[in-house]
Every structure is written in structure tokens, then in C-alpha cells.
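Trainee: If you read the sequences in order, they're chains H and C. When we follow my numbering, the leftmost residue of the first sequence carries the number 1, and every step to the right adds one. When we follow my numbering, the leftmost residue of the second sequence carries the number 1, and every step to the right adds one.
Just so you know, the hints here were simulated from the structure itself, not pulled from any lab data. Hints may be right or wrong, so weigh each one.
Label-pair restraints from in silico Cβ distances [what the hints assert, rightly or not]:
1) H:Gln298 - C:Thr58: 27 to 37 Å
2) H:Thr200 - C:Tyr40: 51 to 61 Å
3) C:Phe134 - H:Pro324: 46 to 56 Å
Here are some chain C residues the structure puts well away from chain H; computed CB gaps all over 10 Å [claimed, not checked]:
4) Ser24
5) Leu258
6) Thr419
7) Gln460
8) Pro574
Partial pick of chain H residues on the chain C-facing surface, computed with a CB cut under 7 Å [as the list claims (entries may be wrong)]:
9) Ile60
10) Val71
11) Ser73
12) Ser78
13) Gly196
14) Asn199
15) Glu214
Built from N, CA and C at the ideal position, the CB exists for glycine as well.
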Amino acid sequence: MPFKPNTFKRWRLASLLPLMIALALAGCGQTDINQVDHTPNILDPRGPSAYAESNLFWFILIVSTVVFVAVISVLLYSIVRFRARPGAPEPRQLHGNTKLEIGWTIVPSLVLLAVLVMTITTMFQIQQPASANTITVNAIGHQWWWEFQYPDERVVTADEMWVPTGTVVHINLVSNNVIHSFWVPQLTGKTDVIPGHDNTMWLQADSTGWFRGECAEFCGTQHAHMDFLVHAVSPSDYQAWVQQQQATAAQPTDALAQAGAKYFAASPCIGCHMINGVTKGSGAGLIGPNLTHFGSRQWIAGGVVNNTPENLAAWIKDAQVVKPGSDMPAFTNLSQSQIDELVAYLESLK
Amino acid sequence: MAVGSVATRGRAARRSWTQSAIGSWVTTTDHKKIGIMYIYTAFFFFLFGGVLALIIRTQLAAANNNLVSPEAYDQIFTMHATIMIFLFMMPIWTGFGNYLVPLMIGARDMAFPRINALGYWLFLIGGIVLSLSFVFNSAPNAGWFSYAPLTEATPTCLVQNVASQSVQAQAALAASTAAQAPAQGCFSPGANPDFWIVGINILGIASLTGAINFIVTILRMRAPGLTINRMPLFSWMMMVTSFLLVFALPSLTVASFLLLFDRHLGTHFYQAGFGGDPLLWQHLFWSFGHPEVYILILPAFGIISEVLPVFSGKPIFGYTFVAWSGVTIGFLSFTVWAHHMFAVGLPPLAQAFFASSTTLIAIPTAVKIFNWVATVYGGRIRFTAAMLFGLGFVGMFLIGGLNGAALAVVPFDYQVTDTYFVVSHIHYVLFGGSVMALFAGIFYWFPKMSGRMLNEGLGQIQFWLWMVGLNAAFFPMHILGILGMPRRQFTYPPNLGWDGLNFLSTIGAYFIGLGVLVFLVNWIITISKKPTAPSDPWDAFTLEWATTSPPPVHNFDTIPVVRSRRPVYDLKHPDNPDWKNEH
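Chain H with its partners taken away, still in its complex shape (with noise of 0.2 Å):
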């Protein structure tokens, strides 16, 4: 019996697998993308660009799951039909088949053909924005963290991007230190940021809901905390948030965080760290980030930490421990209540 069917069969199920596996995931996407932390899935896309993107890694799945699969299953056909049985004569010695040679060069090559035209097609697609709809935003790549101005707007923020639903947001990507890569999988593949290169790129979200952005080339110790949120809310919504950015620090109310306040504009914080209203100057060249609404905001330097009072305690004591190899120095001569006081100020700068 030369052929065995059943083997065959479970075989052949087999090779299906990284076809139900990419159909698992793409049921497993669905996530809640109005919490903050969720799986930054470019199978869940939420803009126009990551759409096409996806819709790309479909086609592209569905042509090399075919291909997997003709190629293996002659593959294993011939394993299990060809297999040395004892007594079985010599086989054929075939040295080639020129015909067939030509055959399985053209049709790769015709399929190969395919796949390119889809690809430079959609490639060109989105490289502009459709919409006239616009915001500008500068993404600036620190070591290790974001900066995001908003020029037109005068607002300075770090960690987290606000932007309008169903606008296109133009990313002016400026670094002045070594390589970034400013990447939101929902919302649209990535960009280098690259010093003495001004690269630009866009992206709009389509619902509103909180999207991870990271930081994709390896620029040093804490890559892997270079994280950012985009957080994509209604045109109001992000006309409200303008304008509480645009506003100077809030004046404490509670008596820690007056006593912080005081403390914060006599301390070497103000050597790196911008509060407008409180600091003088601009701000530009400071190697912090701007603390004018710290209080708003979810994360600490980069993701590495949640914004909650014990965190930035941590963190303003020895950032070495939190986000070794970061800028910010240990203030381990700090009082306890010095740093309480700090905490409670930055909280309240909302």
C-alpha cells in the first residue's frame, strides 16, 4: 500500500495552521481601545492608513498560505509515496524538465506581479492624507522620551498626544540626539527619526479611544520604555483640552501643595524642567519635560511607570532605580516630606 489517505489528510490540516492561527488573532484584536493599556493589534486598525495596512497583511496572508501550502503538501506527498521500501527498484534518473522549469518560473513570477502592483499601489495611496481637515503636530524623539508641540496652538506636552477624531494630524519628526521610530500600530505604520532629516509623516484616527505608540528603533539602555499614548477624543473634546493646556500651571489650593509649589521654583527640578507661569524662560533646550500639566497626564517618562502619586514619589527619589540610565538624577538627599510636597504640587497641576 503505497498511499496512506489518513496520513495525508491530518497532514495537509496541518499546514492550514498559520492560516487559523492569523484568523484566531484577528478575533482576539476586539479590544477595548477606550482603556488605556490594550494591545496595540495592527490587525485592529482605527485609521485610514493602518487600514490599508491590514488590509494588505490579508492579501498577502491568503497568497503565501496558498503557496505553503501547494508547495508543502507535494512536498509531503512525495514523503510519504516515495519512501525507500525494501526491494523497490531504482528510480528514474531524471535530470530536468526545461518546460517545467519555464512554468514555475512564470507563474511566481506572475503571482510575485500581483502582490507588487498591490503594493505600489497602496504605497502611493497613502502618502497623502485625503482629508483637508488638519492639525500640526512636532513629535520630538528624546533619550528616552516624547515631546509633542502643537506650533499652532502654542501647547508643549509629553508623553501623550491628543488629536481629533477624523482630522489628519501632519508630524513634523525632529531628533537631535540618535535614531528614533515613531510608530502607532492602530493608527499607522512607522516613521524614522532620524537627526538632520525632516521627516514627515501623518495619521488620523477614526474613533475615538486611547492608542499605544512606541518607539521602534533601538536608540539605547531604555528602549523599551520610549512608549507614548495617542489619545484620540471628539473635535470639542480636543478643543476643551487646548485650551486647558494652553493655560498657565494651576495655583495650588491644599497646603502640601503650596508648600511643593514653593519648593519646586527654589530646586534643581527648574535646571531641566519647564512649568509655564512658574519658570522663566522658554523652555527650549531643556532636557525635561515640560511639567506645565503633569497632573493630566497617565504615565511617568516614557510609560515606564503609571502617573500615581507613589510612582512619581519613586521616581523623584531615585529615577535610577525606576529607568536606569535615564537623564534624571537620584535626589536621594530629598526629606521624605520634601518629596511629598513635590508629589503633591505636580498632581494638582492638572
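Here the structure of chain H is known, so what remains is to put chain C in place on it, guided by the hints.
Mentor: Okay, now just chain C, sitting in the frame of chain H:
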């Protein structure tokens, strides 16, 4: 009298040194001994790089794990790739080529035996330099492609760094340099990139000597009648690989010297703001780096094209197409480098060009796969360990080819470049491809090289451990990339759905490690046996099987005359030799 006896003793001592157990290896110019030294040294680095891989996978087994510090992790992942590429895969192919090419083409040795020895010793020195970096806690830590400006420094900051050794002082220094002179950064004030540059360039010289030696040997020293069209396909692929080395390595040499000048002489080749450009590094590096990928896989293609026919009992299907598709791949490999750079902001037209050339290179690769499948089809298949690894190669390399073609789909590449999807791709190609083929070659040629047959049962156990292990380790990485996990992160948060897949991948890595242990046991058992292997244990086709196992120093008592692609098959089938049927 006394003077004479001292002189005699001196001469006797010198003679016994070159004939002693160690001295005969140190002073040898025999291609077979040099080949074996390459193979053992490279295999040591395979184990070294493998241990580093297990550390990486253990660190990533759980979210927010802190088995190793971020600084250590960066050194480990950089050195894992650097070792596996430059100290394991490239030299082990040189070792196989050294041992086999002269035997396959019926030559007595390589064309330049002393340069051959020089190449080995330079490789060893380069390996020692790179390994020593760990001793100084300065192992390269910027990834195996050492992107500028992360690897940059200035002569001033290097001097300051030597003066201030504390970690805090270094961090403060880096911060102040970055803040005050943004364009003239000091991002790697340690010696880490210097170790990389020096080590890589020593290895580059070693590779160049080997490559030129192979080219001359193959073009000038074939046995009578062994035309280039009758040459075994492994020799073909070693020739193509050697040409790739000769044309690709200068680009790496130039790139790394410019970096050295930036760091130590104060030039600004890669520093924006002084007329330099960080992208210059990427273009120079990848115009070496992509041919390099084929330098790592073409010899594997050669091995598969030897092993599959023998154990299928048939000649390779479409010899001419298999050989020339290798040459085509070699040429095209110089036109695809910027597909590593789709996200850097190249003009769309340039991206379209590199997408097209990358698509084009998939065609000869597909042709090879079809020919291997057609070789097996209609054969009489003997499932030896060598054949299992060979068949495993075809399946795994097919996956590596398909996910590689997916990466040429530029918009999809914007999403998955620099994620675990790419890590999956290179491991399917280099582990599922090159390493599987390597072990097909090890099981196939071990009797020829040592006179001893490796244990088949242990070989099959290793094969299945690896098939399970490599798919468990590398398939989930596709999904991790799609779920948004960037590569080169020393850790990851727990709430993003990445935990389970990472854990599975770690289990797979340990299966691979277990397979390596099984192989080491197999090796120890085998080398402690008596060398009893026959000349032609596999009923094979090519000239190396016409001489004893292991061959004598001079390889062949009389140089054979060749009339077809399968001279040893012809000897065994005088009724139906190939030279009557070949076209």
C-alpha cells in the same frame, strides 16, 4: 661533539613540534585540517551564541522580568547576533568549503594553502577580540548593525570618559554633551563600538582571504573533465558566496572605518549638523548587509542540493536552473539593500524600486524550492538524519521565504519592520534555513571528515526536538510583531497580550537547546569510537566519496578524470552512467 649534540637535539625538538598533536594543527596548511579547525572553532561560537540566546529568551519569558539589567541585555542581544553571523555561520561555511571543495573538484589542496592558514588564525584572533569585550564589560551593545549616531562619540568625550569612570558621571556627561552640542553627540562613550569595529575588520580580512582562495581554487584547480557545468552544486554556491564576499565586504570596511574616524579623529561622517548624515551609515552597512544574508544562506542551498539527491536516489532536478538561480540571487542581492530602510523616509519612487528588486529576488529562490521538491518527487527516499534535516530545511526555509516576501510589501513593512515579525523572519531563514542545512551537512559528511558515523537515532531525536522547538520559538514571534511588540526591548509590560506568546517562544528555545545537548552527546559517543566508516557510506554521487574516510593528506592517489556531474554514481552504474544521459 657537545655542540653537535645540542644542535641535533634542537632539530629533533623542532621536528617533533610540527609532528606533535598540537603542533601538527598549529602549523598545518592542509585544507582538511584547516577546515576542521574552522568547524570546531565556529561550533564553539555556536554554543556561545546559543547560551546568549537562552539568556535573552529567559529574560523575555515573563513581563517586567529583571534577570539581566538593560545594559547587559543590550550587550547580550547584540553579541548573540554578531557571534552567530560573524563567528559561527560565516566561518563554519568557510570550514565546510575548505574541507569539501578541493575534494569535490578533485584537487590536492586549496590554491593558496598558507593564506588559507592565515585566514583561520585571523578568524580566531577576531573571535578572541570580540569575546574579550565581555571581560571588559564593553561588549558591543548597539545591535549587530551598529547604527550611527547611537554608536557615535567624539575624541573629546572619549578622553573625558576615561577620566570619569562612574556610571553617573558618564550619564551626566552624555546628557550635557547632548544638550550643549546636539549635533555632535556622544552616545557611546565606552569602548563597545570600538571592539565591534576592530573585531569585525579582522574577521573581514579573514573572510576576504578565504573568498579569494575559493574563487581561484574553483576556477583553476578542477580535475580533468570537471567542467564548471559538472561541478557539484555546493562548490557552485561556495563560488557565488565568495564573489559576494569580495564585493560586499569593502562596503562594511569603509563604513566601519568612517565610524572609527568619527569616534577617534573627530570627523563627522555620520553626524548631522556638520554635513554628515546618519543615513550614510545605513546605506553603506546594508549594501554589505544584504549580500551578507545570502552569504549565510547560499552555502546552505549548496548543501541541500547535495543531500536531497543522494537520499532520494536521483540526480538534482534541473541542475542548470539550480546553479544559475544561485548566480542570479547573487547579482540581485546587491540591488535590494534599502528594503531594510523602508521606514527611513526614502522618496516613494526609491521605495518602489527596492520593493520591485526584492520581489524579483524571490523568483530564483522559488525556482530553487520547486527544484528541490521535484528532486524528492519520484525518488527512493532514505530517511537518514541528514535527509530529515534536509527536508526540514525545505519546509522551514519556505516559511522564511514567504514571510520575507511579506516584508517586501512596503506598507505592511511600515507596520512590522523593527518588530518581532522581522525577528521571526530572520530566524526562519537563518535557523530554519542555514542551521538546518548545516546539520544536514554535518550528518552527511561527518563520516568523511572523521571516519566515524554519527548515531542515527540520536540524530532523529535532535531533528524532532528542533522541529518542535524552532516552530514554538519562532512562529509566535510573527504574532507578537502583529500585536505590536518592537524588537530589542529588554522587557515589556504585562497587560498587552504579549506574555503567553513570549513564554511559548522561550519554551521553544529550550527545546532547541535540548537538541543541541543531544547532538553533543552524539558527538562524544561518536568520536570515542574507532574510525571504521567506509569510503562511500551513503551510496553518494560526488568525488569526495571516491577517496577514503577520512581522506589521505594528498586526497586522491591519482587525480580522477570526470565525465559527468555524478562521477561516483557513474563508477557504480557502468551500465547506465550519467554521461550518456546528461543534457
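Trainee: Report the numbers of all earlier hints that the structure fails to satisfy, in ascending order.
Mentor: Violated hints (numbers, rising): 3, 6 and 11; every other hint is consistent with the structure.
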